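Put chain P on the given structure of chain Y with help from the hints.
There are 2 protein chains.
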Amino acid sequence: MNIFSVQAINAVLDKDEVIQAVKQSFIEKEQGLATCPSPMQILFNNDENQLVADCHVKAAQNKNSDFFVIKVASGFYENKHKGLPVNNGMSLLMSASTGAPVALFQDEGLLTSMRTAAAGAISTALAQHINENSVLGVIGTGHQALLQAQWVCHLTGIRKVVVQGRNYQSALGFAEAFPLAHVECWAVHDNKELAVLSDAIVTTTPATAPLISLNDIKKPMHIVAMGADSPGKQELDPELLEAAEVIVTDDHHQCLAHGEFGIACRAGLINEQTDVALGKVLAKPSENKISGTGISIVDLTGVGTQDLAIASYVWRKLSRHHT
Amino acid sequence: MNIFSVQAINAVLDKDEVIQAVKQSFIEKEQGLATCPSPMQILFNNDENQLVADCHVKAAQNKNSDFFVIKVASGFYENKHKGLPVNNGMSLLMSASTGAPVALFQDEGLLTSMRTAAAGAISTALAQHINENSVLGVIGTGHQALLQAQWVCHLTGIRKVVVQGRNYQSALGFAEAFPLAHVECWAVHDNKELAVLSDAIVTTTPATAPLISLNDIKKPMHIVAMGADSPGKQELDPELLEAAEVIVTDDHHQCLAHGEFGIACRAGLINEQTDVALGKVLAKPSENKISGTGISIVDLTGVGTQDLAIASYVWRKLSRHHT
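Line by line, the protein sequences give chains Y and P.
Going from the first sequence to my numbering is simple: count from 1 and add 150.
Going from the second sequence to my numbering is simple: count from 1 and add 150.
I should point out that these hints are in silico values taken from the structure, not numbers from a laboratory.
Misleading hints may appear alongside valid ones.
Copies of the same chain look alike in the list, so a pair counts if it fits in one copy or across any two.
Taking lysine-lysine and the DSSO-like style, the derived pairs with C-alpha atoms no more than 30 Å apart in a straight line are [what the hints assert, rightly or not]:
no., residue 1, residue 2
1, Lys369, Lys310
2, Lys383, Lys369
3, Lys230, Lys383
4, Lys232, Lys310
5, Lys467, Lys383
6, Lys342, Lys467
7, Lys232, Lys213
8, Lys383, Lys213
9, Lys232, Lys467
10, Lys230, Lys213
11, Lys232, Lys434
12, Lys230, Lys434
13, Lys342, Lys232
Every value quoted in this text rests on a predicted model; they were computed, and no experiment measured them.
Same shape as in the complex, but just chain Y (with noise of 0.2 Å):
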């Protein structure tokens, strides 16, 4: 078995064929070439019960590809008052027809990361509104919200985002820190001021409670909703999936388990049909999805079918770099 550091993984990573591989398994998925089964999730409660950490093991095969992976996501909130990185986790890439194992990522969370930023830009550029000159809206202040305002920037050729925080001081932080040049970025104080200044939204915060509401918003609005992967985790409100004309979900039976798509669901407000899966949308040949004057919203729970493709698209590049 081969074993790969994060530096080694880090060195051969590009935007473009992540955001192309990641893309291709969520059609692979819609067209049943790529299947998982319901993610694991290990969850750590402190002596007063209240949720500490969470490991997530989610795996997929392709019955296009000579490999099946096991990946490892790891998230300790605690640690960031350790000194210590919060999010961990490894990939491990598996022959499809022997069972044997071919690769180890020790990625320490980046593969996770690099798919999960990937599946937000593409995401976001889904709506037929948002192009350059659109402005990105980001509602967290983490690392994740930093690789998506990035990975948007990127995709899009967007060049203003206007980031909202759990207190003004870390959006400040964000945006003096903005690492992109030619991209303006500024802190505001609430979501409503987000809400008005932006035409996309991408949510990436550890919430349990909605962090916008209907009456926020303007019109055409392209909601990409990250952060509630676990049960418990919330960041719209539900009204806004009622409201909404179009929802994509990266996986329906994730989404309705314990994305927003299925909070709205059980709140009677839409029923389980109403939602598209990303895979059909991207599988359209136009190049701008989501038409429309509404609200269109994203949800997206992270699919194993992501880690397949981007710990394939890495052992790829390693290991021809190898020979």
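Just chain P, lined up with the frame of chain Y:
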């Protein structure tokens, strides 16, 4: 992260210590200290839609442990035609306080085999009528069947093993190659013959239809069934469970989902409250736990807490060696 080869792992394994660790894991599971999420199953079908391989991912945490485990075990049944081992896998031990990877055991399925062998031996030794003068019946002639025979003889002192396989030739091969010099091992032609001779029967096959029926066996009879670890697998006639005085399960939910216990429940022959947890039986102070003159059955599906126990045990031994 420390990475250990199967050779390094094998060098530190001690049967009695593994048995003790696995026994304790069942007790702590029953006490609510050790918990595990539902296992993940990745199934591989050939072009004719027949199952040709499976990969199980199991995980566990324990309030008394500094670690949690994610364990991968695969069975690629066509490997035997390729001259490759059918089983493969690895165990990943991670810090329960930071999520950081601690040790990767490239065990190629060894730790899964060993913790399964330990569970089978512990379970066989539970019945009061089993002692060193008993005869052990083994159905199955594979790797795990051999381990079961060895580990049961080791734990109980049994010196007579009778074996039955898919055909007489494989049973004969098993008996002739049986490695314990002080144990007499002989092959029989069918399960009826085996059932008449045996005081306890261990079944370790990938069967999908019953191998023993109620009419075949004498009483008292203690049966340990461990083949059924995925939906569709079955080794016992459900009537055996209906007739049993005691049904012990390693995990109520797993046995209900894909064990012999679940098959009998779904057939309406027993109700879902019929079983008693293996950990509960093991926690009893007396040495021989199941008394009776009738039929007793232990249904084993393999539990993540066993994987945590054996991986933690191996890490304790290996990290001591390293310092």
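**Asked** Checking Lys230 and Lys213: alpha-carbon separation at most 30 Å within a copy, between copies, both or neither?
**Response** between (40 Å within a copy, 22 Å between copies)
**Prompt:** Quick one: Lys232 to Lys310, C-alpha cut-off 30 Å, is that within a copy, between copies, both, or neither?
**Reply:** Neither: 34 Å inside a chain and 58 Å across chains, both beyond 30 Å.
**Request:** Could you figure out if Lys232 and Lys467 sit no more than 30 Å apart (CA to CA) within one copy, between two copies, both or neither?
**Result:** This pair counts as between: shortest inter-copy Cα distance 28 Å, intra-copy 35 Å.
**Message:** At most 30 Å between CA atoms: does that hold for Lys230 and Lys383 within a copy, between copies, both, or neither?
**Reply:** Within. Shortest intra-copy distance 20 Å satisfies the 30 Å Cα cut-off; inter-copy 46 Å does not.
**Asked** Is the C-alpha distance from Lys230 to Lys434 at most 30 Å within one copy, between copies, in both cases, or in neither?
**Response** For Lys230 and Lys434, the Cα distance exceeds 30 Å both inside one copy (42 Å) and across copies (44 Å).
**Request:** Give the relationship of Lys383 and Lys213 under a CA distance limit of 30 Å: within one copy only, between copies only, both, or neither.
**Result:** between (33 Å within a copy, 25 Å between copies)
**Identical-chain pair category, Lys232 with Lys434, by Cα at 30 Å** = neither (47 Å within a copy, 42 Å between copies)
**Prompt:** Should Lys232 paired with Lys213 be assigned to within, between, both, or neither, using CA atoms and 30 Å as the limit?
**Reply:** between (43 Å within a copy, 21 Å between copies)
**Alpha-carbon proximity context of Lys383 and Lys369, limit 30 Å** = within (26 Å within a copy, 55 Å between copies)
**Item:** Intra- versus inter-copy proximity for Lys383 and Lys467 (alpha-carbon distance at most 30 Å)
**Value:** neither (36 Å within a copy, 40 Å between copies)
**Request:** At 30 Å max between alpha carbons, let me know whether Lys369 reaches Lys310 within a copy, between copies, both or neither.
**Result:** within (18 Å within a copy, 80 Å between copies)
**Asked** 30 Å Cα cut-off: does Lys342 pair with Lys232 within a copy, between copies, both or neither?
**Response** neither (34 Å within a copy, 63 Å between copies)
In summary, the structure is inconsistent with hints 4, 5, 6, 11, 12, 13 from the numbered list given earlier, while agreeing with the others.
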